[in-house]
Amino acid sequence: MHKGTKIIAIGERDGVPGAVIAECLEGAGYEVVFQVTECFV
Amino acid sequence: MNFENQGVIKRLADQYGPENLTVVLGNGEANGVEVFAETVTEGDPSYAGPLAGVALKIPVYHVLEQEVMNEVPENLRDEKLQLSSLVIDIEPMHQLLQTARDKI
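In order, the protein sequences belong to chains V and A. Using the numbering used here, the first residue of the first sequence is number 1, and each one after it goes up by one. Using the numbering used here, the first residue of the second sequence is number 42, and each one after it goes up by one.
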């Protein structure tokens, strides 16, 4: 991933939630512009 | 991918430029990953959502791929992703997503 890219985090309820993806990527210095958790029920 | 999220991604691509965006997925299974990847690179394969016919060509990764994991600070990786990495089989998703990225 190139540095400076803005992140769209699309998590899944039965996988890794969007909030966790966002937290990890923000911790890595990326800007998260949208995060959501989809569920396939 | 549901239509609401497709609409948000389309708006963000208009706002920031698709070349400045990266999609990071958290799917638990490979089933569905290909559709997600196609939706944000080539357009909605169902031709029903806001991204139908819109080829944004946004690079797409899974959070557990090495390319992403290597970026995450070790403490967060251990605390937030380690358990998922034990139960989610990332290799089939990595292959699908690498193929999608190679087409961009």
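Hints in this document: simulated from the structure, not taken from any laboratory. Since the structure is predicted, the reported quantities are computational estimates derived from the model, not experimental observations. Be careful, since some hints might not be right.
[Unchecked claim] Restraint-style ranges between C-beta atoms, simulated for each label pair:
hint	chain 1	residue 1	chain 2	residue 2	range
1	A	N72	V	G4	29 to 35 Å
2	A	F44	V	A19	29 to 35 Å
3	A	G94	V	G27	18 to 24 Å
4	V	H2	A	V128	16 to 22 Å
5	V	K3	A	G94	29 to 35 Å
6	A	Q123	V	R13	31 to 37 Å
7	A	P114	V	C39	24 to 30 Å
8	V	C39	A	A89	29 to 35 Å
[To be verified] Only some residues are given here: those of chain A computed to face chain V with a beta carbon under 7 Å:
hint	residue
9	L62
10	G69
11	K121
12	L124
[To be verified] Counterexamples of contact, computed for chain A against chain V with all Cβ distances above 12 Å:
hint	residue
13	G58
14	G84
15	D85
16	Y88
17	E106
18	M110
For glycine and all other residues, C-beta sits at the position ideal for the given N, C-alpha and C.
Hint-by-hint comparison with the structure:
no., hint, verdict
1, A:N72 / V:G4: 29 to 35 Å, "holds, 32 Å"
2, A:F44 / V:A19: 29 to 35 Å, "violated, 22 Å"
3, A:G94 / V:G27: 18 to 24 Å, "violated, 36 Å"
4, V:H2 / A:V128: 16 to 22 Å, "violated, 29 Å"
5, V:K3 / A:G94: 29 to 35 Å, "holds, 31 Å"
6, A:Q123 / V:R13: 31 to 37 Å, "violated, 19 Å"
7, A:P114 / V:C39: 24 to 30 Å, "holds, 28 Å"
8, V:C39 / A:A89: 29 to 35 Å, "violated, 19 Å"
9, L62, "holds, 5 Å"
10, G69, "holds, 3 Å"
11, K121, "holds, 5 Å"
12, L124, "violated, 10 Å"
13, G58, "violated, 9 Å"
14, G84, "holds, 16 Å"
15, D85, "holds, 14 Å"
16, Y88, "holds, 20 Å"
17, E106, "violated, 10 Å"
18, M110, "violated, 9 Å"
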